[in-house]
Every structure is written in C-alpha cells, then in structure tokens.
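J.: The primary structure of each chain is shown beneath.
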Amino acid sequence: MSDAYPDLSLHIGSLVLRNPVMTASGTFGYGLEYAEICELSRLGAIVIKAATVGPRMGNRPPRIVETAAGMLNAIGLQNPGVDLVIAEKLPELATHGVPIIANLAGECVEEYVVLADKFTACGHVAALELNISCPNVEGGMAFGVCPEMTAELVGSVRAITDLPLITKLSPNVTDITEIAVAAVTAGSDALSMINTLLGMSIDIRRRRPLLGNATGGLSGPAIRPVAVRCVWQVYEVVDVPIIGSGGIMSVEDALEFIMAGASAVAIGTANFVNPLAGTQILDDLIAYCQTNGVHELSEIVGVAHG
Amino acid sequence: MVSTECELLTSQLVAPDHYVMQVLAPEIAREALPGQFVHLRIPRTMDPLLRRPLSVMLADKIHGHLRLLVRSAGRGTEIIVSLPPHAMLELLGPLGSPFPMPDEVDGGSEKDVLLVAGGVGVAPLVCLADAMRSLDDTPYIRSMFGASTEDMLVCWTELAARSDEFYVATEDGSAGEQGLITEVLAGQLKRGHARVVYGCGPAAMMAEVARMSAEAGVPCYCSFEQRMGCGVGACLSCAIGAAGGGYLRVCKDGPVFSADRVDWEAIRNE
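As they're listed, the protein sequences go chains A and B. Quick note: the first sequence uses our numbering, first residue 1421, plus one each step. Quick note: the second sequence uses our numbering, first residue 1127, plus one each step.
Just so you know, the hints here were simulated from the structure itself, not pulled from any lab data. Here a beta-carbon is modelled for each residue, glycine too, at the ideal position from N, C-alpha and C. Among the hints, erroneous ones may be present.
To be verified - Estimated spans, in silico, between C-beta atoms of each pair:
(1) Asp1173/B to Ile1720/A: 27 to 37 Å
(2) Glu1672/A to Ser1274/B: 38 to 48 Å
(3) Leu1139/B to Ile1720/A: 49 to 59 Å
(4) Asp1232/B to Glu1672/A: 53 to 63 Å
Can you build the whole structure from these sequences, using the hints too?
T.: Given below as structure tokens:
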C-alpha cells in the first residue's frame, strides 16, 4: 500500500492528459449541462457531442429505449452545427479548465476536413476525434466499415491539422483490427473504441419498432464484453493508445479495459445513471493503484495479454 | 440541482398500481418548483439501467419532505414501489422548467386559473395548486380531474383540497360526469374569466386541452412525459416535436411547455 499519487498521465500525439478518465461523445453534452454537480476540471478530458458542418435536427422520437442491462439510442447527431458549437459552447466550457476533445461527424471527406479546420482554428480544442461509426444517420458508418475509406479520411484530416487525432471505431464490422491498422497507418494518434452496436427493439403491443428511427445504437453494461474483446484484439496490432469504452460503470469495469490494452477509458451511458461516474471512477482508480502498488498506469495496460 | 442520497420515509398504495412515496430530501424540497421533477436511480442494479423521472407532487420545504406519485408500469417502477421504508434512494433534482405562476402569464385582467389533470398527471398540478395557494394574490382555482374509472382518480383529494372549484369526469361514469375531462373543460372555458389553463395527462388529452384553450384565446401550459436518458439536457433523448420544426428537450426545455411551442400533430402521431 502506497499513498503516492500514481502516474495516470496519457500521451496522445503531442497532448498529455493528466488522467485517463474522459467522457464519451454524446453522453455528456458540452459538459456545461453537468457543471452544476460535477467538477469538470477533474476529468482527463471531455469529448463533446458530435458536431456536423451544418445544423442537424436529429431523428424522430422516441429516441431512446431501455434494453436488458443497456439502452438503445437513435438521436441522429442533433447539434447546432460546428460554427455555433465553437461560438456558443466552447468558450464557456474552456473556462472550466478541462481539455476539450471535439467529435467530428461528416458525410464525406471534405466535410471532415472543414470540421477539422474550424476546430483547429478555434483554439479551444485539445484533440480531434473522428466519428466514423455513428449507426444512427444514413451513411454514418460508411467510413468505419471500410479500411480504404478510413485511411483516406484519416490521411486527409491528418494533412491539415497538427492537433492530435483520435479515430473512433465501430464494432459493427467483421474484423475491427483491419480498420484500426488502416487508421493508425494513415496518421491517427490514438483509437477510441467502441461506438454503439447496431440494435433494435420492437413494441409488441403496437407491432412496430420502438425507436422512431427503427434501429439504434446499443450501449451500457450489455455491450461491455464485446468492447473488451475489441480492445484486446486491437491492442495486439497497433502501437498507439487505445481509449476504451462500452458499458463502463465502475472502476472494475475500467480495469478490464485497461488490462485488455486501453490506456484510457471513456465513460458513456454511466453518466445517465450516475452523473458523477467519471470522477468516482477516477478516485477509485487512484485508490486501486495505491492499494496494488501500481506507480504508473502503463504497468497494467494490456497486462492481461501476459 | 443536486445529486443526493435520501431516505424513503413511507410508500403507500393509493390506487391500483399507484403509490405515493414520501422521501426525506431537504435540499431538493427547498428548491423544487411546481412542474419540476426528480430523476431516481434504481437501487442496487444495472438492469433495469436508467433512472426514472418522477414529478414532484408536494415539496414540504419546512420538513424537507418530497411526495412523489409513482405508477408501477414496468420492471423499473415495480422495483421502486416495492422498496421498504428507510431504503436509501439516489435522487438528482430538482430538474426541468417549472410552470409559470399566473402573474407571469399574459392573461389580461382575468383572475381564474383552470387546472386539467388526467390520471397520474395530477401530481404536478397538486404541486402547482399548493404553490398558488400561498401566493399573496391567490388566483381562483378551478380544477378538473379525469380518469377511466373512479379508482384511477389518484390522489384526487389532494387536488380538491387546494382548489376553489373541483370537477370530475370518468369514462365509465363511476364518478362525476360520464365522459372525457375535456368536455368539462369546454364548459369551464365557456364561463370565461380564465387567465391561464394548466394541463398534465395523456398526450391526446393535452393536445385537446391545448386546442380548446387556443380557440378560447387563453394561454395554456402543459407538462410532458417522454422516455428519458440523462435528465439534464445533455443526451437529447427525450425530444418532442417543436412547433415550426425541430425538437424540444422535455428534461431541460420542459417538462412544462407553453402549448404554442409544441408540434401537437407530431405528438398525436407518436
């Protein structure tokens, strides 16, 4: 047992995050919604809700349905567009002293380039996360299921920004390692995984899909074993940091991801259940390291591979 | 808004599948305004996973008690209503935008307020009537409560006790007028003197309340339910259609909306 504060820092390209607990895009808004009850500056980073070039109204309700130990969502990338996000959300979030990671969702390479350019120029963003895996809009997953398209997209964004680049991978593929390698070879500094699993639920009373969009993205504890498996597979084929996510509710869950190969974790659905999940998992991770003689988190990253 | 652990004091069956839970939550009781809600975490389980939004029926600021009306309608609410006294609950709240008080509504010089409740929708209207009772300039409160049967006039005495006039309609005629509560509202609107109409109940009822109020030229505010995620405006799950396009967040922009902000056609069709 050691009281020394463990080194939990994490390098993503040139960016150093002081701790590895961040929030997952779409589950924490722009951080501001939680500022009243959560000390945002304690988080390693906040990944903001996905931004698109123009405003998006989002999908027809219902947009959420609870499932066994999880939930389906089909929000449909509702956001006011990158310009308003930069003008109206980021300046206030920046005052909280937490690194901001922008999540970018485009319909073509050119849109991702425009988004990357604007977020790079605004000065408030510490890193970019390329969302190539949204299951809830038409074409949202197109990039994320094809290694060649992933490489082209990452390479194009890499060419126009010096910000650290994270690619968020979809589990809705035959072989996630192919996509991971393509993203890293094209210049991605880190990988974030996993996005939601494509799913569906039927209202047997009305004999219709429960979600207005019919299909949606499954998240929560139900998908954790799938996510841990994805991290495990990708850790064996890439050398960049992996940000693990998928149903992390507790430090034990976070440790599973870390031992499978994640250097950081993103807290998603847990924010809905417990808005203080991120900071509590961080506290518990520090306590775990102290109790177990872990001085640097890197000592246990991927340790399950033997 | 606070995230707090609080003690369940009592849980009482008040109608088939309906319970009134009394909770010791001083911080929330002190802040809560009529129409606001609390987001209750289901204790000790990840399945069911999500919190349940419950509107505040009464907030006793002196004793720090909250009274919540819960309809047991699925696995989550079944767990909630079967909790024993002294169980500890995690509450997030108070959340959402409250009902405006009558003096905040542009209703001319009229003095009467009309409250229209359907089923479990009575809860926030009890809270509203209670708050209006303690105003310096107490309005004249005419309340209406509709349900399928007499059994389902949940907590009607709570609303009746805080109203100057109280009317009831049931679909089977087991109490009050036989028919829909909107038929009672039609007569009340015809009497005139209405400054504002407040409604909470099934979507079809509220759509009709909104239409009739607009026709009578009386401002109308309705409180909505929707499947909800975060409860604080972050996840955009609890959207309902907005008049003129786009969506409103029930948890943050609402649950109370001025009726003219809502796309009633979309709500009827959902």
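J.: With reference to the structure, classify each hint as holding or not holding.
T.: Here is how each hint holds up against the structure:
For Asp1173/B and Ile1720/A, the Cβ-Cβ distance of about 28 Å falls inside the hinted range of 27 to 37 Å, so the restraint holds. Between Glu1672/A and Ser1274/B the Cβ separation comes to about 47 Å, which falls inside the hinted range of 38 to 48 Å. Against the hinted window of 49 to 59 Å, the Cβ-Cβ separation of Leu1139/B and Ile1720/A comes to about 51 Å, which satisfies the hint. In this structure the supplied range 53 to 63 Å holds for Asp1232/B paired with Glu1672/A, their Cβ-Cβ distance being about 55 Å.
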